[in-house]
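J.: Below, each chain spelled out in residue letters.
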Amino acid sequence: MAVLSWKHHTLIQSLLERGPLTEKEFHSIFTAITGQNSGTHQGKFNDYLLKINRELSYVQLDLRACRDPYDGEVYYGVVNNVSDEQSKFGTKYSVPQIAFFKAIVEAIAQDVTAEGCICNMDVLNIRLENQVLNSSGSQSQDGSLGIPAAFRNFTMSQKERTLDQLVKDKWLCYTEDDNIGVGVRSVLDLRGWFNNAGVPSCEVCNEAGLKAKLCPSEGCTVRIHQYCLKKIFSQKGVIVCPSCDTQWEYQPPKAEPVELEDEETEPMQSQPSSRPAQSQSSLRSKRKRQRVSQNDDSNTQADTKRVTRSSAHLR
Amino acid sequence: MAIPGGDFSQFDISKEEKDKLVAEVIRYILFKTHQNSGCPIKREELSQLVTKNYRHRSLPAYIINQAKEKLSSIFGYELRELQRSRPSSTNQTRLSQQSGVDAKSYVIISQLPAEVYKKYVEDVNTSHMTGFTFVVISIVQLAGGKIASDNLWHHLKRMGLHETNENHPVLGNVKQALEMLVQQRYLQKDKVSGPEGATLFYELAERALEGTVSERIKQYITQIVKKDSTTEDIS
Chain E
1 MAVLSWKHHT
11 LIQSLLERGP
21 LTEKEFHSIF
31 TAITGQNSGT
41 HQGKFNDYLL
51 KINRELSYVQ
61 LDLRACRDPY
71 DGEVYYGVVN
81 NVSDEQSKFG
91 TKYSVPQIAF
101 FKAIVEAIAQ
111 DVTAEGCICN
121 MDVLNIRLEN
131 QVLNSSGSQS
141 QDGSLGIPAA
151 FRNFTMSQKE
161 RTLDQLVKDK
171 WLCYTEDDNI
181 GVGVRSVLDL
191 RGWFNNAGVP
201 SCEVCNEAGL
211 KAKLCPSEGC
221 TVRIHQYCLK
231 KIFSQKGVIV
241 CPSCDTQWEY
251 QPPKAEPVEL
261 EDEETEPMQS
271 QPSSRPAQSQ
281 SSLRSKRKRQ
291 RVSQNDDSNT
301 QADTKRVTRS
311 SAHLR
Chain V
1 MAIPGGDFSQ
11 FDISKEEKDK
21 LVAEVIRYIL
31 FKTHQNSGCP
41 IKREELSQLV
51 TKNYRHRSLP
61 AYIINQAKEK
71 LSSIFGYELR
81 ELQRSRPSST
91 NQTRLSQQSG
101 VDAKSYVIIS
111 QLPAEVYKKY
121 VEDVNTSHMT
131 GFTFVVISIV
141 QLAGGKIASD
151 NLWHHLKRMG
161 LHETNENHPV
171 LGNVKQALEM
181 LVQQRYLQKD
191 KVSGPEGATL
201 FYELAERALE
211 GTVSERIKQY
221 ITQIVKKDST
231 TEDIS
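So the protein sequences, as listed, match chains E and V. Under the numbering used here, think of the first position of the first sequence as 1, with each following residue one higher. Under the numbering used here, think of the first position of the second sequence as 1, with each following residue one higher.
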């Protein structure tokens with residue numbers, strides 16, 4: 001009853017061993033082992049993913065795609081869907097480290113300007129005690145909460161080291177201006193968490209709009225990702241707010257190299273919508289530990305493809 | 001659907017329960033392997049996942065077998081069983097207990113052909129450990145399967161790996177890297193009391209003694225020795 005062949009296994013194992021891969025990398029593996037270009041044989045590629053996901057669902061895992069919020073690049077990864085006793089083992093990070101990570105992600109998610117990042121200084125000044133306060137949800141006085149010593153004694157150098165490791169493992173990333181942003185793993189894994197945390201979704205693709213453009217008109221809460229804007233602009237030549245009808249001024253990003261051929265690849269291979277993603281305590285759902293990706297491109301965050309800085313405000 | 005190993009109806013659990021158990025075991029194996037960087041997982045830990053809620057005596061064995069099959073069919077991973085056949089001298093006192101208990105442990109190994117694995121799956125960021133593992137096992141094997149700690153470090157020193165080096169550019173803390181091999185059950189430590197006091201020995205452990213591994217190491221060593229006809233002795 002062999003449903004999956006060694007080819008499917010290779011795709012799965014490559015993601016497990018190497019961590020999230022860019023679309024380019026993943027497609028090239030697919031092409032190399034099946035001899036078929038995933039661009040021209042989109043159907044076959046999708047077929048493969050569908051088959052893989054059907055099998056992976058047996059263990060509540062998912063092979064899905066996401067977009068890096070900073071450069072719009074598509075990544076593939078294997079993600080855990082359910083937070084249970086077993087997935088709690090799936091991490092090498094300690095409890096204070098996880099609390100630290102959570103604090104960072106929360107700070108980024110709560111940014112109303114949708115910059116999608118926080119500055120290095122703020123990160124290092126995070127106090128883990130607040131994490132305990134938040135999770136217990138009560139408003140007791142200081143000092144009576146039994147904050148674990150590990151939280152209190154989490155030193156600056158430990159924070160720096162943890163930050164480094166988190167970036168290496170792609171849970172966080174360094175953005176252009178030396179700020180800290182969410183990494184690809186977080187985007188893949190924390191989708192459910194972002195929704196629950198109330199991060200407004202992008203109007204176009206409905207994914208969390210962590211780093212997005214806000215509607216210029218006051219009081220309008222619409223957000224759209226830069227790469228989604230690009231898509232609309234290239235299709236319609238103009239951007240109109242879906243909610244308040246204001247026209248957005250759109251500047252195509254400078255230094256655009258080769259036009260991306262497959263613009264239409266919104267991840268259709270994502271899980272079928274019948275299964276909600278519920279990865280709450282997501283860090284514990286991390287799969288095989290990854291260090292720096294071997295393909296340097298994904299690590300330099302594709303500088304040339306990076307869209308214009310958010311300083312080019314929409315007027 | 002043919003279920004080798006018997007029909008699970010004898011265990012008085014539904015198919016959904018059975019599937020759930022198998023999935024739990026697989027997930028445990030995958031997550032644990034990540035957490036402890038490939039150190040073997042004891043069979044006891046897997047059995048516990050089953051016996052936690054179900055009393056039937058042979059259910060754990062059945063579930064583990066099913067998990068083995070699924071790991072292979074879904075992921076292409078083999079759940080390899082390691083037998084702790086040679087307890088080290090430090091475990092001598094516990095030997096009598098061990099004969100009754102499963103001293104089995106498991107690791108997952110990719111079933112992909114070597115070239116495929118190397119090209120598409122292997123993470124180059126961890127190959128330094130693989131290289132180190134190979135070198136150390138080869139040294140111990142050439143020494144007859146057991147080597148005194150001093151002797152081992154003498155050889156490693158020739159490659160620039162010092163016991164006290166905590167900042168090796170590739171391996172970091174070299175001593176810890178060696179410890180990792182012990183934890184992953186490639187080596188085991190042995191304290192042998194001799195005339196001068198206790199000496200620390202490193203011995204090949206189940207993961208290095210396992211058939212295919214052992215054979216291939218011998219092959220590779222032969223290859224290297226054959227190629228390297230111009231070796232000089234560095235004194």
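Treat the hints loosely; a few may be bogus.
What the hints assert, rightly or not - Which residues of chain V face chain E? A few of them, derived with a C-beta cut under 7 Å, are:
| id | residue |
| --- | --- |
| 1 | Lys20 |
| 2 | Ala23 |
| 3 | His34 |
| 4 | Gly76 |
Hints were generated in silico from the structure; no laboratory data involved. All C-beta atoms, glycine included, are put in the ideal place defined by N, C-alpha and C.
J.: Run every hint past the structure and note whether it holds.
T.: Now for the hints, and whether the structure bears them out:
no. : hint  : result
1   : Lys20 : violated, 10 Å
2   : Ala23 : holds, 5 Å
3   : His34 : holds, 5 Å
4   : Gly76 : holds, 3 Å
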